[in-house]
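For the record, the sequence lines run as chains A and B. Counting from 1, one number per residue, gives the positions in the first sequence under UniProt numbering. Counting from 1, one number per residue, gives the positions in the second sequence under UniProt numbering.
Wrong hints could be hidden among the right ones.
[Stated by the list, open to error] Below, simulated BS3-like cross-link-like pairs (lysine-lysine); rule was C-alpha separation at most 25 Å, straight line:
{"hint": "1", "chain 1": "A", "residue 1": "Lys31", "chain 2": "B", "residue 2": "Lys31"}
{"hint": "2", "chain 1": "B", "residue 1": "Lys622", "chain 2": "A", "residue 2": "Lys31"}
{"hint": "3", "chain 1": "B", "residue 1": "Lys62", "chain 2": "A", "residue 2": "Lys148"}
{"hint": "4", "chain 1": "B", "residue 1": "Lys622", "chain 2": "B", "residue 2": "Lys632"}
{"hint": "5", "chain 1": "B", "residue 1": "Lys336", "chain 2": "B", "residue 2": "Lys364"}
{"hint": "6", "chain 1": "A", "residue 1": "Lys31", "chain 2": "B", "residue 2": "Lys57"}
[To be verified] Residues from chain A that keep clear of chain B, each with C-beta distances beyond 12 Å, as calculated:
{"hint": "7", "residue": "Gly12"}
{"hint": "8", "residue": "Gln130"}
{"hint": "9", "residue": "Leu143"}
{"hint": "10", "residue": "Ala147"}
Calculated directly from the structure, the hints in this document are not laboratory data. Even glycine gets a Cβ: it sits at the ideal position worked out from N, Cα and C.
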Amino acid sequence: MREYKIVVLGSGGVGKSALTVQFVQGIFVEKYDPTIEDSYRKQVEVNGCQCMLEILDTAGTEQFTAMRDLYMKNGQGFLLVYSITAQSTFNDLQDLREQILRVKDTEDVPMILVGNKCDLEDERVVGKDQGANLARNFNCGFLETSAKAKVNVGEIFCDLVRLINQKNPEKVPKRKKKSNCALL
Amino acid sequence: MDLGRQESQDEGNRFWREEREEGAVYMVYLKRVTYRSHDRLEEGEKFMSHLMWETLKVRVIKAGTLERLVECMETCQGDLDSSHLNVFLSTYRTFATPEQVLKTLINRFIMLKSCAKDDDRKEMVEEQLKTIRSVISIWLDTHPDDFREHPDYPCLLDLEDFAKEHITDSDLGVRARHRLEKFQKEAKTLEESIEEMHLGGRHGLNGDKIILFNQISNRSVAEQLTFKDAELFRKVVPHHCLGAVWSRRRKKGGKNASSVVATIQQFNNVSLRVIATVLNTRGMKTSQRAKILQRWIEIAQELRDLKNFSSLRAIISGLQTHPVYRLRKTWAALPKNIMVLFTELSEIFSNENNQITSRELLMKEATAKFPDIESQNKTLQRRNLLKRQSWIENGIVQGTVPYLGTFLTDLTMIDTAFPDITDDNLINFEKHRKEFEVIAQLKLLQSAAQIYQIVKDENFWTWFYSVNVYTDTESHDLSCTIEPPSDSNAKIKKKSARSLPVFRSRAGSVPNRYPVFSTCLGHRPVKFDSAKFALFSCGLENRKSMSSIPDTLSTLAAPIMTHHSSTSSVVSSDSDNPSSPFRSSDTYVIRVSVNSTSDSDTHVYKSIMLTNTDHTHTVISKVLEKYCMEGKPEDYRLLQILEDGELLIPERANVFYALNNSSELNFVIKSREDYETSTLKRQKKRRFKKLSL
Numbered sequence: 001m002r003e004y005k006i007v008v009l010g011s012g013g014v015g016k017s018a019l020t021v022q023f024v025q026g027i028f029v030e031k032y033d034p035t036i037e038d039s040y041r042k043q044v045e046v047n048g049c050q051c052m053l054e055i056l057d058t059a060g061t062e063q064f065t066a067m068r069d070l071y072m073k074n075g076q077g078f079l080l081v082y083s084i085t086a087q088s089t090f091n092d093l094q095d096l097r098e099q100i101l102r103v104k105d106t107e108d109v110p111m112i113l114v115g116n117k118c119d120l121e122d123e124r125v126v127g128k129d130q131g132a133n134l135a136r137n138f139n140c141g142f143l144e145t146s147a148k149a150k151v152n153v154g155e156i157f158c159d160l161v162r163l164i165n166q167k168n169p170e171k172v173p174k175r176k177k178k179s180n181c182a183l184l
Numbered sequence: 001m002d003l004g005r006q007e008s009q010d011e012g013n014r015f016w017r018e019e020r021e022e023g024a025v026y027m028v029y030l031k032r033v034t035y036r037s038h039d040r041l042e043e044g045e046k047f048m049s050h051l052m053w054e055t056l057k058v059r060v061i062k063a064g065t066l067e068r069l070v071e072c073m074e075t076c077q078g079d080l081d082s083s084h085l086n087v088f089l090s091t092y093r094t095f096a097t098p099e100q101v102l103k104t105l106i107n108r109f110i111m112l113k114s115c116a117k118d119d120d121r122k123e124m125v126e127e128q129l130k131t132i133r134s135v136i137s138i139w140l141d142t143h144p145d146d147f148r149e150h151p152d153y154p155c156l157l158d159l160e161d162f163a164k165e166h167i168t169d170s171d172l173g174v175r176a177r178h179r180l181e182k183f184q185k186e187a188k189t190l191e192e193s194i195e196e197m198h199l200g201g202r203h204g205l206n207g208d209k210i211i212l213f214n215q216i217s218n219r220s221v222a223e224q225l226t227f228k229d230a231e232l233f234r235k236v237v238p239h240h241c242l243g244a245v246w247s248r249r250r251k252k253g254g255k256n257a258s259s260v261v262a263t264i265q266q267f268n269n270v271s272l273r274v275i276a277t278v279l280n281t282r283g284m285k286t287s288q289r290a291k292i293l294q295r296w297i298e299i300a301q302e303l304r305d306l307k308n309f310s311s312l313r314a315i316i317s318g319l320q321t322h323p324v325y326r327l328r329k330t331w332a333a334l335p336k337n338i339m340v341l342f343t344e345l346s347e348i349f350s351n352e353n354n355q356i357t358s359r360e361l362l363m364k365e366a367t368a369k370f371p372d373i374e375s376q377n378k379t380l381q382r383r384n385l386l387k388r389q390s391w392i393e394n395g396i397v398q399g400t401v402p403y404l405g406t407f408l409t410d411l412t413m414i415d416t417a418f419p420d421i422t423d424d425n426l427i428n429f430e431k432h433r434k435e436f437e438v439i440a441q442l443k444l445l446q447s448a449a450q451i452y453q454i455v456k457d458e459n460f461w462t463w464f465y466s467v468n469v470y471t472d473t474e475s476h477d478l479s480c481t482i483e484p485p486s487d488s489n490a491k492i493k494k495k496s497a498r499s500l501p502v503f504r505s506r507a508g509s510v511p512n513r514y515p516v517f518s519t520c521l522g523h524r525p526v527k528f529d530s531a532k533f534a535l536f537s538c539g540l541e542n543r544k545s546m547s548s549i550p551d552t553l554s555t556l557a558a559p560i561m562t563h564h565s566s567t568s569s570v571v572s573s574d575s576d577n578p579s580s581p582f583r584s585s586d587t588y589v590i591r592v593s594v595n596s597t598s599d600s601d602t603h604v605y606k607s608i609m610l611t612n613t614d615h616t617h618t619v620i621s622k623v624l625e626k627y628c629m630e631g632k633p634e635d636y637r638l639l640q641i642l643e644d645g646e647l648l649i650p651e652r653a654n655v656f657y658a659l660n661n662s663s664e665l666n667f668v669i670k671s672r673e674d675y676e677t678s679t680l681k682r683q684k685k686r687r688f689k690k691l692s693l
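Chain A with its partners taken away, still in its complex shape (with noise of 0.2 Å):
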């Protein structure tokens, strides 16, 4: 099975780790422990392949920032997550791209920006196109979610893994034709 490595950013406050959770653990929650092994491990399937996940949150630990550029070069996929509730949790993913690409040494590296919190419209400020805009300016796909609601949490994950195939497709299906050609 493939495996791919994950990594939530943003903000603290966010909801990273209620987006995490909801993900690894579903409606299961009440059993989860933080601690041990798998504890952030999850297999899905996209597009009829079986894929492990393995979700690196940084929750908690956002103010150490010089672990970040390891958070980001060990990551092969990102979800950049800010808050619809706080503009400033929305500024700050520009500087966090800007780090992800410099780390990665390209322009292109799978990415996901997420608008969280989106069941708390009353207290809304950045809008659904501001955030369109910043992801075409990414060049990265764009959704709202709401851990709270359960409400494109999947998705996002999902949407990644397909990034990340589309970036560095699987090498098995080619070795096979390798074999076929050998074969004949």
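Here the structure of chain A is known, so what remains is to put chain B in place on it, guided by the hints.
Chain B only, in chain A's frame:
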């Protein structure tokens, strides 16, 4: 009861049902208790001796109002439930203030006291009153800072009044008064010392001569960082780490978590100094800069010996920040064993599997006297053994400082996953019980951090704060002036390849490049994290993760690779690293299998690092050692497997130059006899062919 109680391990507690009362939800467990008959049973109780075991009902509060949670500090017999009290005292600040809790306790005391006149319940009530007194007393002793409410100290004043009126037979009131006076005194000295610092701090800087980084020994750097880290860690207020305090600090009504902030600041300060000292070397030669890298790696090792995982991680993170990590030439100038050391130390903090490595290590060493250092590298192994001996001989006991971030993440996640308030609008105490599991570990480590005996060295700290640190952008720009960025990477590589002879001539003084290194720096983070010395212990599973390997084995290797992390991840994060990890300027990694019998289809091979000084016999001995085979190298032949046959490497050859490097570096060793018979056969075949023609 005079019966010997023994809980049978295998039965344990079994969840039975949930019970609801006004203002509380309990979980009820059935607990099987086995009785052992006691020799000293009295005559009258003999009829009891047939009772082998019974099932007891155990109620644990799951959620409740503050009043109910306070009530639960008494068991149903009226005595103290210390485990509930422990959880409560460690976590209550997320749902109540000290004042509210004290008030609830006092109200309950007064209410119970009025019941004490009732004869039937007198005994029980007496017990309960005693428990409440112990609760207050334990609270005052174990969490004194809860009562540090400068400048008015309402809790201590309330407590004193309460004790004077209701608990005349104990010294509780006096203790409250003493505590109050102590706090007032401490607050005064603190104010004075802050004033002094303002006046004297600058003076100190001007007066003292600032020492240089290279004037401080590695050991002192490590000790001073540990001194600071241990001090800060001991001061961390455990409830500041709780999700409700730490991760919600920015929200409205967010609480102060200064003790956590101080620890993080120090962590960042260390990383920033690592980055600054490495980058502030523009005029220097690469080798001089490499010396600074080496120093930090050696300091990291000293921190490992001191079991200080906080600064250890700060240094490793600093070295792995992009501006430092991308300095390929500098890293390439490091001696091999230093590179091995760096790889091993950074593997401690691998994020794989929810940081299982560092978690397990911390649990193993938290309260151990000294660290249990392991290494794959022989030189390092020997050094560690010596160190260990000296620790034992000198009776050295080390404290422990953990990396706080792991606890902060775990507590943030618990805080996210479990609601504060249940659907019935009760305090979700089950959540706090989970939080307590993490807090209890933290407290255990805090006591371990007290063991260090290090004296502060002002000179070091003068240096530390005098270092000019850089912002992210500044670091990046500096790094790029030291080694220009990627578009010129290719040129650099070619250049260094051409300058190979220079390296070779100095081969004696410059140890061989460590090939994993190119893996590390070539943006191959996953490999770097997961595979422990992949190149040296290459088994089947690694074969899969290396892109340059023929595809024939992929199907065979596929089932093994699930955990050993993804080829894909390597490949994907690898877009900008055209060089193969197998080939660096003066080393090759070759794969060698052993031809046991006729079964030449064996897929098992070992990887051997080949340097430009290795002769055929050296290589064969290495292979024999890897396969744990006995025999002399002279009895074997080394052959390179080429597409169109095998190339015999002559006995006295330098393998590095002899091999055919336009082909895969796959080798086989065969015993002399096998080799000779196989060549004979081939010769015969050839003769046959010739004849038939």
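Claimed clearance of chain B by A/Gly12, with the beta carbon kept past 12 Å: At about 6 Å from chain B, A/Gly12 fails to clear the 12 Å cut-off, so the statement is violated.
12 Å Cβ clearance of A/Gln130 from chain B: holds (21 Å)
Distance rule for A/Leu143, whose beta carbon must clear each one in chain B by more than 12 Å: holds (20 Å)
Assertion that A/Ala147 lies farther than 12 Å from chain B (Cβ): About 8 Å separates A/Ala147 from the closest Cβ of chain B, which leaves it inside 12 Å; violated.
Hinted pair B/Lys622 and A/Lys31, Cα distance within 25 Å: violated (51 Å)
Given pair status - B/Lys632, B/Lys622, alpha carbons within 25 Å: Holds - the C-alpha atoms of B/Lys632 and B/Lys622 are around 11 Å apart, at most 25 Å.
25 Å Cα cutoff - pair B/Lys62, A/Lys148: Since the Cα atoms of B/Lys62 and A/Lys148 sit roughly 23 Å apart, the hinted pair holds (cutoff 25 Å).
Satisfaction of hint between B/Lys57 and A/Lys31, Cα-Cα up to 25 Å: Given that 25 Å is the threshold and the Cα spacing comes to 23 Å, the pair holds.
Hint consistency between B/Lys336 and B/Lys364 [alpha-carbon to alpha-carbon, up to 25 Å]: Judged against 25 Å, a Cα distance of about 29 Å means the pair is violated.
Pair hint outcome, A/Lys31 versus B/Lys31 [Cα-Cα no greater than 25 Å]: holds (22 Å)
Violated hints for the displayed structure, listed by number in ascending order: 2, 5, 7, 10.
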